[in-house]
Amino acid sequence: MAFLEISNIVKNFGGLVANNNVSFQIEQGEIIGLIGPNGAGKTTLFNCIVGYYKPDSGKVIFKEKDITGLRPFDTNRAGIGRTFQVMTVTTGMSVIENVMVGAFCRTDDRHTAQSEASEVLNFLGLESVKEYHLNELPIAMQRKVGLARTLATKPELLMLDEVASGLNRTETDELVLLLRRLNAEKGVTLILIEHIMEMVMSVSHRVIVLDYGEKIAEGLPGEIVKNEDVIKAYLGEKYAKSH
Amino acid sequence: MALIDALLQGILMGLLFALVALGLNIIFGVMNIVNFAHGEFLMIGMYTTYWTSLLLDIDPLLTLPVAALVGVLLGIASYYSLIRYLLRGPAIAQLFGTFGLMLFLRYLAQFLFGIDYRIIQKGLLIGKSLSIGPFIFDWTKLAAGILSLFAFAFVYYFLNKTKTGKALQATSINKEAASYMGIKTDKMNAIAWAIGGGTVGIAGGLLANFYYIYPTIGILFVMIAFACVALGGFGSIKGVFFAGLLVGILEMVFPVFGSLVNSDFLGPHFKFTIVYLAYFIIVVFRPQGLFGWKN
Amino acid sequence: MEKLKDALDFRDFSRAEQVGFTIFSIFLLLFPWLGAGSFVKAVMIQFLLFSLFGMGWNTVGGYGGQVELGKAQYVGIGAYTVALTMVWWKIPFWVSMPMGILLAVGYSFMIGYPLFRLKGHYFAIATIATSLVLQDIFANWKLVGAAKGIELPIHDHPDFLYMQFKSDTYYYYFIMVLFYVAIFYMNWFRRSKLGYQLRMIKDDEDAAESLGIDTRWCKIKAYSIASAFVAVGGGFMAVYNLYIDPVSVMDLDLSIKIALMAMLGGAGSLWGPTIGAAFLVPLDRFLGSWLGGHGGLIGLDFMIYAMLIMVVSAYQPRGIWGIIEQFRRKGS
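Chains as they are written, first to last, in the working numbering: chain A, 8 to 250; chain B, 241 to 535; chain C, 12 to 343.
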């Protein structure tokens, strides 16, 4: 049995098909890149898995448990963490407090939550900004805080929605390193939605491609870049240009 | 028979309720703000009619344009002096801001006019009634219902047939898209407040013909308006019309049933309680409104 | 034990706040001996009572960011429970008060469950609606005195069991103790799991859900805590005023005042409600009595009140405490 099994997910928005019969399986410890042109239904698929949307049909099986239609907090407690493409910039809480909220998912004790939050911040190299509020940080850093607080919930499966967008080259390289460490040291399974092709191709073990809500390809990064359908749908020019 | 009578009376009241709720719903639709002071706008419309008719010694019905004008000015003034600033803040501040406006107007009225209940005594229609078969209608209520219907139809026409009205609807549906099309959001907001104030001003003028006028009347009518808006669907013009009728009927018919049973809780005192309860039940179980219409 | 330690731990506040709180506490303790007249004493009692209400509101309203405008219904439940059980069955205050809390909490769960399906305006209006319904019921229910209200029997001798005293000083100290219980509780609450979770909900509800927070359940819990606070205040009002009616303990004005004080002082901060009450209660009382003495300029006090609310909402939605913190952040 696979770690995460998505079978035949369909999601409609008033006649507009955002996900059409999407199926795939993920094994524990994998790093999966989920790519596709804008509007391909990647974020919708995330939302269906995590529970912000209820899929019209299809099943999500996580660790042999049917989690289809569970609310986001339930899927989180089950071990799935997700970050958001756009962070709501808020002024109410400092960085460490944000991360503590994540840690409170697994503990009731404030002191435990605090030390766990500090640990995560150290891991991500955020300790120097822990007293800042989100609105005082650059956008790339805000997203990293988003990652930090999700990590603090100790997910086994981490779903990242464009976590690298807005980062410069060095920052992206650092992030790639970090994700690999996360995967290797903590055994976290990763699914990334990403636009920066080089990053996805270098970090992912496998890549899944969506187009118009359907899965059009799945395979090793090397295969995907050569896949005709994928090139037609999306990659073509862009990838050629960046090389 | 009593039931049919209540039904007819309810429809007349309902037309007025629809007019009251119309402005609230336009403002909500265009800028996603709930105007708690809406009932106070109504109250000021009532006082406007009261004082103009008394001081100029003219028929209260002739003061309706004045009430409308005062309402429009009040709406615009509120928008430019307060609401614009609230828009920058969080939702909680917007709620409290219009709440503050509500209290301010209410106690301004209390300060200026005292807490007395006033009633207009002189007027063409006041005290006269029309009997059709077994049914007796107060002319004031009849006029209120019919003129409300006209006012509502006029605004509906304005929204659907004029350029400004269409721009307003476009803003209501998608603010960003509308602003890309060159529609100035700020101006649209001000117009929404002007219409909101004007319609409720007229409603106040009509209501003043047959209802007690006192400073704290606003909360009752704003709650009725909220119920209508919830029933009809937040932002829906068509919806609010039928919701107004339904609330009017509910409010008149309920006491008829109540009088059949001897109980503390079914008397006429509870006609508005039922409206509040209706609001609660509707938003909890059918947040898209009873009809689920959208513009 | 750990919780108690947290409740009494004010170390994460600035020195200025600690000193301020200490001086304030000494003042509260000594106040009855400072020779203030009965009017000023009544104002102080009112101030502490509203601070207590405000702290209750602050749980779900301030930390959780849910604009709740129906707190008066819980004042009413507390007050009516104490008054009615005393009149009907001569139940002492110390028994009826916990009963009032239980009823309030039970009712809050019952009503909170559907209520917290709602958000934003829908929620705020619904809280008013439920409160108005309850007030209408009490105003027409003959069994509980309807609109006439209930008078509590006055005992000839001071009676601790029924909380009847000749001197206001006793009431003062009693409400002061309640005030401190509330302060300490809130001091624990703001750093508790629930406190953090509520602040996350206020900031970003979707994100909160993604962090394993059952947002609706959190709000309901906070709402019931708030209700307990407010019901205690209501019970106090019953024995202190010896007379209650639907207008004095259930009116919308009361709900508004409670929310406003917390909001004006600073929603979501420990000191906010107390600061708000310190501003508004004296304003309310002194202005009211001064104006009353000047030919009934009724309404002027509330107009000033309303102006304050509009200005604060437009310019500093985080209230007076928000202004202070803003300065401090700039300074550091």
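Honestly, I wouldn't trust all of these hints.
[Stated by the list, open to error] Some chain C residues flagged as far from chain A (calculated, every beta-carbon gap over 12 Å):
{"no.": "1", "residue": "Ile34"}
{"no.": "2", "residue": "Val106"}
{"no.": "3", "residue": "Ile161"}
{"no.": "4", "residue": "Tyr173"}
{"no.": "5", "residue": "Arg202"}
{"no.": "6", "residue": "Trp228"}
[Said to hold, decoys possible] With a straight-line cut-off of 20 Å between C-alpha atoms, the simulated SDA-like cross-links for lysine to any residue are:
{"no.": "7", "chain 1": "C", "residue 1": "Lys130", "chain 2": "B", "residue 2": "Pro330"}
{"no.": "8", "chain 1": "C", "residue 1": "Lys130", "chain 2": "B", "residue 2": "Met463"}
{"no.": "9", "chain 1": "C", "residue 1": "Lys204", "chain 2": "A", "residue 2": "Arg117"}
{"no.": "10", "chain 1": "C", "residue 1": "Lys232", "chain 2": "A", "residue 2": "Arg117"}
{"no.": "11", "chain 1": "A", "residue 1": "Lys137", "chain 2": "C", "residue 2": "Ser235"}
{"no.": "12", "chain 1": "C", "residue 1": "Lys204", "chain 2": "A", "residue 2": "Asp81"}
{"no.": "13", "chain 1": "A", "residue 1": "Lys161", "chain 2": "C", "residue 2": "Lys232"}
{"no.": "14", "chain 1": "C", "residue 1": "Lys177", "chain 2": "C", "residue 2": "Asp225"}
{"no.": "15", "chain 1": "C", "residue 1": "Lys130", "chain 2": "A", "residue 2": "Ser122"}
{"no.": "16", "chain 1": "C", "residue 1": "Lys14", "chain 2": "A", "residue 2": "Ser122"}
{"no.": "17", "chain 1": "C", "residue 1": "Lys204", "chain 2": "A", "residue 2": "Ser122"}
{"no.": "18", "chain 1": "A", "residue 1": "Lys161", "chain 2": "C", "residue 2": "Lys14"}
{"no.": "19", "chain 1": "C", "residue 1": "Lys14", "chain 2": "A", "residue 2": "His118"}
{"no.": "20", "chain 1": "A", "residue 1": "Lys61", "chain 2": "B", "residue 2": "Met463"}
{"no.": "21", "chain 1": "A", "residue 1": "Lys137", "chain 2": "C", "residue 2": "Arg202"}
{"no.": "22", "chain 1": "C", "residue 1": "Lys14", "chain 2": "A", "residue 2": "Arg113"}
{"no.": "23", "chain 1": "C", "residue 1": "Lys130", "chain 2": "C", "residue 2": "Arg202"}
{"no.": "24", "chain 1": "C", "residue 1": "Lys16", "chain 2": "A", "residue 2": "Lys161"}
[To be verified] DEER-style ranges, computed between Cβ atoms:
{"no.": "25", "chain 1": "A", "residue 1": "Val93", "chain 2": "C", "residue 2": "Ile334", "range": "27 to 35 Å"}
{"no.": "26", "chain 1": "C", "residue 1": "Lys14", "chain 2": "A", "residue 2": "Glu221", "range": "52 to 60 Å"}
{"no.": "27", "chain 1": "C", "residue 1": "Glu336", "chain 2": "A", "residue 2": "Asp180", "range": "44 to 52 Å"}
{"no.": "28", "chain 1": "C", "residue 1": "Pro109", "chain 2": "B", "residue 2": "Ile386", "range": "55 to 63 Å"}
{"no.": "29", "chain 1": "C", "residue 1": "Arg340", "chain 2": "A", "residue 2": "Gly194", "range": "53 to 61 Å"}
No lab work stands behind these hints, which were simulated from the structure alone.
Only a predicted model underlies this, so the values are computations on that prediction, with no experimental measurement involved.
For glycine and all other residues, C-beta sits at the position ideal for the given N, C-alpha and C.
Evaluated hints:
At the 12 Å boundary, the C-beta of C:Ile34 stays outside the reach of chain A, the nearest C-beta of that chain being 28 Å off. The Cβ of C:Val106 lies farther than 12 Å from every Cβ of chain A, with a closest approach of about 32 Å, so its non-interface assignment holds. Distance check for C:Ile161 against chain A: the nearest CB is about 43 Å away, which clears 12 Å, and the non-interface claim stands. Residue-level check passed: C:Tyr173 sits 40 Å from the nearest beta carbon of chain A, beyond 12 Å.
In this structure C:Arg202 is not separated from chain A by more than 12 Å, as the shortest Cβ-Cβ distance comes to only about 6 Å. A beta-carbon of chain A is positioned within 12 Å of the beta-carbon of C:Trp228; the least distance is around 9 Å. Straight-line distance between C-alpha atoms of C:Lys130 and B:Pro330 comes to about 14 Å, which keeps the hinted pair within the 20 Å bound. Note on C:Lys130 and B:Met463: the hinted pairing holds, with a Cα-Cα distance of about 17 Å set against a maximum of 20 Å.
Proximity of C:Lys204 to A:Arg117 is assessed by CA-CA distance (about 7 Å); at most 20 Å being required, the pair is judged to hold. With a CA separation close to 18 Å, the supplied pair C:Lys232 and A:Arg117 stays within the 20 Å bound. This hinted pair does not check out: A:Lys137 and C:Ser235 have alpha carbons roughly 33 Å apart, beyond 20 Å. Restraint check for C:Lys204 and A:Asp81: satisfied, since their Cα atoms lie roughly 17 Å apart, inside the 20 Å limit.
Under the criterion of a C-alpha separation no larger than 20 Å, the hint pairing A:Lys161 with C:Lys232 is inconsistent with the structure, at around 25 Å. Among the hinted pairs, C:Lys177 with C:Asp225 is inconsistent with the structure: their alpha-carbon atoms are about 49 Å apart, more than 20 Å. Between C:Lys130 and A:Ser122 the alpha-carbon distance is near 33 Å, which puts this suggested pair outside the 20 Å criterion. Taken as a hint, the C:Lys14 and A:Ser122 pair is honoured in the structure, with Cα atoms around 18 Å apart against an allowance of 20 Å.
Distance hint between C:Lys204 and A:Ser122 is fulfilled; the C-alpha atoms sit about 14 Å from each other, no more than 20 Å. Proposed proximity of A:Lys161 and C:Lys14 is contradicted: the alpha carbons are some 26 Å apart, above 20 Å. Of the supplied pair hints, the one linking C:Lys14 and A:His118 holds, its CA atoms being roughly 12 Å apart against a limit of 20 Å. A distance of roughly 34 Å separates the Cα atoms of A:Lys61 and B:Met463; the hinted pair therefore is violated under the 20 Å criterion.
Using a Cα cut-off of 20 Å, the hinted pair A:Lys137 and C:Arg202 holds, with the two alpha carbons roughly 17 Å apart. Only pairs whose Cα atoms come within 20 Å are accepted, and C:Lys14 paired with A:Arg113 is accepted, the gap being roughly 19 Å. Proximity of C:Lys130 to C:Arg202 is assessed by CA-CA distance (about 25 Å); at most 20 Å being required, the pair is judged violated. Proximity of C:Lys16 to A:Lys161 is assessed by CA-CA distance (about 29 Å); at most 20 Å being required, the pair is judged violated.
Remark: the range hint 27 to 35 Å for A:Val93 to C:Ile334 is upheld by a beta-carbon distance near 30 Å. Evaluation of the 52 to 60 Å hint for C:Lys14 and A:Glu221 yields a pass: the beta carbon distance comes to about 54 Å. At roughly 39 Å, the beta-carbon separation of C:Glu336 and A:Asp180 lies outside the given 44 to 52 Å, and the hint is violated. Restraint check, C:Pro109 to B:Ile386: a C-beta distance of roughly 58 Å satisfies the suggested window 55 to 63 Å.
Evaluation of the 53 to 61 Å hint for C:Arg340 and A:Gly194 yields a failure: the beta carbon distance comes to about 40 Å.
Of the numbered hints listed earlier, those contradicted by the structure are 5, 6, 11, 13, 14, 15, 18, 20, 23, 24, 27, 29.
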